[in-house]
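Take the sequences, apply the hints, and build the full model.
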Amino acid sequence: MSNWRQMMPTTEAYLLDKVLYELHHKPDDLAAYNEDKAAYLARFRLTPELAEKISSNDVAGLYEAGVNPYLLRAHCIGMRIPEDVSLAALRSLMKEGDDKWLN
Amino acid sequence: MSNWRQMMPTTEAYLLDKVLYELHHKPDDLAAYNEDKAAYLARFRLTPELAEKISSNDVAGLYEAGVNPYLLRAHCIGMRIPEDVSLAALRSLMKEGDDKWLN
Amino acid sequence: MAELTGIYTASHTPVMLNFPDRIPTELRTEIFGAYEAMGRDFEAGRPDALVVLSNDHLHNFFLDNFPALCIGVGESYESPIEHWLKAKRRVFTGDQAFGAYLLQEALKADFDPAFSMEMVLDHGSLTPLELAGLDPDLPIVPILFNCVQPPMPTMRRCYQFGKFLGEAIRRYDGAERVAILATGGISHDIATPRMGMVNREFDERLLQLMEAGDSEAVVAYATNQVHTAGNGAEEIRMWMAAMGAAAGLPFKRAYYRAVSDWYTGIGIGHFGENSLATVGSIDG
Amino acid sequence: MAELTGIYTASHTPVMLNFPDRIPTELRTEIFGAYEAMGRDFEAGRPDALVVLSNDHLHNFFLDNFPALCIGVGESYESPIEHWLKAKRRVFTGDQAFGAYLLQEALKADFDPAFSMEMVLDHGSLTPLELAGLDPDLPIVPILFNCVQPPMPTMRRCYQFGKFLGEAIRRYDGAERVAILATGGISHDIATPRMGMVNREFDERLLQLMEAGDSEAVVAYATNQVHTAGNGAEEIRMWMAAMGAAAGLPFKRAYYRAVSDWYTGIGIGHFGENSLATVGSIDG
Ligand SMILES: [Fe+3]
Ligand SMILES: [Fe+3]
Chain H
15 MSNWRQMMPT TEAYLLDKVL YELHHKPDDL AAYNEDKAAY LARFRLTPEL AEKISSNDVA
75 GLYEAGVNPY LLRAHCIGMR IPEDVSLAAL RSLMKEGDDK WLN
Chain B
15 MSNWRQMMPT TEAYLLDKVL YELHHKPDDL AAYNEDKAAY LARFRLTPEL AEKISSNDVA
75 GLYEAGVNPY LLRAHCIGMR IPEDVSLAAL RSLMKEGDDK WLN
Chain R
2 MAELTGIYTA SHTPVMLNFP DRIPTELRTE IFGAYEAMGR DFEAGRPDAL VVLSNDHLHN
62 FFLDNFPALC IGVGESYESP IEHWLKAKRR VFTGDQAFGA YLLQEALKAD FDPAFSMEMV
122 LDHGSLTPLE LAGLDPDLPI VPILFNCVQP PMPTMRRCYQ FGKFLGEAIR RYDGAERVAI
182 LATGGISHDI ATPRMGMVNR EFDERLLQLM EAGDSEAVVA YATNQVHTAG NGAEEIRMWM
242 AAMGAAAGLP FKRAYYRAVS DWYTGIGIGH FGENSLATVG SIDG
Chain X
2 MAELTGIYTA SHTPVMLNFP DRIPTELRTE IFGAYEAMGR DFEAGRPDAL VVLSNDHLHN
62 FFLDNFPALC IGVGESYESP IEHWLKAKRR VFTGDQAFGA YLLQEALKAD FDPAFSMEMV
122 LDHGSLTPLE LAGLDPDLPI VPILFNCVQP PMPTMRRCYQ FGKFLGEAIR RYDGAERVAI
182 LATGGISHDI ATPRMGMVNR EFDERLLQLM EAGDSEAVVA YATNQVHTAG NGAEEIRMWM
242 AAMGAAAGLP FKRAYYRAVS DWYTGIGIGH FGENSLATVG SIDG
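Residue numbers (the working numbering), protein chains in the order written: chain H, 15 to 117; chain B, 15 to 117; chain R, 2 to 285; chain X, 2 to 285.
Accuracy of the hints is not assured; some may be wrong.
[To be verified] Simulated pairs of lysine-lysine, BS3-like, Cα-Cα distance not exceeding 25 Å:
#1 B/32 x H/40
#2 H/51 x H/32
#3 X/109 x R/109
[Claimed, not checked] If the Cβ cut is set under 8 Å, some of the chain X residues that face chain B in the computed set are:
#4 74
#5 76
#6 101
#7 118
Quick caveat, the hints were computed from the structure, so don't treat them as lab data. The beta-carbon is built from N, C-alpha and C at its ideal position, and this holds for glycine as well.
Structure follows, in structure tokens:
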């Protein structure tokens, strides 16, 4: 497999990235998000499908949409998604051959 | 004369630049500044002397402190300092020889 | 393989829009006419895409992360960013695929540009496009050079980047006809004791050297004399890049006036075989 | 004329600080011991200044202005920036004059780095410095490479930048003794289906090639094989830069283990004639 889903981010990935970035870097955003996810996400130009990927902690879906992996990882930690949950979601996307150097 | 006061900004110039930048780019900052300049400037790590240069619209003093000229210019326009006032302040710093190509 | 339909150089200043009445009506009409003439010439080439070489004036970029070069890869670009600029809001269409191509090629060619998927363009890009009356839906790739905060890329480096850019554009398969607009300069000072003075001798010599076609001499002159022409003259970095992209095409000035009350030596020029009529003169 | 007292390469990961208990105590003690050994070797060289080659993990930089290279010229650097990182807050002293020198020389040498006068360093810089137990008052110049968001500078370009950097440091008059710490890699995946797997064959081959001293072969291997080692392995760009700065000094690995529960192939190495004792082994 490639190290990257996209060698140049799509606008869709950019918009998701922007939410994940601001959520964990602007001072009041994480609290606002935790208080009312829908209201927070409405600040951004996201389709309902994209907003749903974030609000439902759809780690696999965010990965497939091309979200930057460091933003996704920081979001998983920052939202306290259990490690085994986020790992399992990612692992579910493994294709044959991707695991050849699994150890 | 050189085109620039500083070929590498000092930290002092950086701190002034940061105020002028945020004032004209963050959504609520200009209104907050106009309402209470001292309170707004207290958000930044400025010495009283540096804060005074900003709050008193000391265009010449800001230039001499090494503020970025584009930030200074935008601040003059954004604060509606009359053109002849800001030009006169800058012109007061002219040294002999600087005006050799005045037209 | 894209054809370069035209490579234009033109000054920009917010004063044109903010304080139009500081100069006589006749002069203003002449200047705006020169930009419109550039726009008509530009459109005669029927470009599918436009690469705008300009600079950010500390709006998108601040000293906490100031790029020497930045290539735009946005889907669209709002403009202007200046709350104090008297211009109506526009949204430029971005050519994201073309920007991505130029970015990836630049990295392969040993340039180190930053990239941006979201910028709000300032008067530097907006003014000449607006005054030239260009189709707002023409897809653009903005490329921004640091000309506003030392330390900055050298004039030579900007020329080299332009050479790369011209070659990469000509190799590009995604567009048939591409134009370049390089904007900035010529002599002017922003917020210095010299503000309002124009070094017309510098401007005249620069234009003469460019017309003479000796790129090395132009780069040397720009490097060694820019400090006599004001901090705004540092923006001739984009003219150096245009000259690099032109790869030997002849340069012809279309317009020049030293306009003290607009604080700027206003120059318009063009690289190519076809012609923009020259209007204005050095003793304007 | 500054002397390079040591050029170190070391992995970093937030997991070391956030989830230390995911690995057995004995292994953790061994790993932390290897970082401490690096720190002691480092301090034996008595450097006056430290150049940290690392990468930002989308904290200071976002896709609206992402630099390929960024040189720090701040007076100080707070750390960490991650609200979720389990590390105590520190303030690193910046060597502003040294940073400005490297920035200005880089621009003259036809590199196009961004610069930053204010950054809050993330775990990439913090973790190895913390674990090595380095004097927090040692003045640093952080230089950040884009390894986290394509498109990125090539491995070869990072090597070339390192060559420039080594030469510029050796020419520098403002410090007597300078160390370099390059941090990142080796094999790991962040937030991909492969996360938690380590390609130890990649790591072993990379370390072997580096020890064999053929820089061209290392750059070619890194370029062609990095996709087999995970997106976190893209961080070996800093190892390429360290190799460039070393200018032929021999490389020796000091530590290596593939630590799946910390998601990372953890390697520590050193360029130079003097020696870090090798601990750990490839089949750890
Ligand atoms: Fe300008
Ligand atoms: Fe990392």
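Right, here's what the structure says about each hint:
{"no.": "1", "hint": "B/32 x H/40", "verdict": "holds, 17 Å"}
{"no.": "2", "hint": "H/51 x H/32", "verdict": "holds, 15 Å"}
{"no.": "3", "hint": "X/109 x R/109", "verdict": "holds, 20 Å"}
{"no.": "4", "hint": "74", "verdict": "holds, 7 Å"}
{"no.": "5", "hint": "76", "verdict": "holds, 5 Å"}
{"no.": "6", "hint": "101", "verdict": "holds, 4 Å"}
{"no.": "7", "hint": "118", "verdict": "holds, 5 Å"}
Hint compliance for this structure: no hint is broken.
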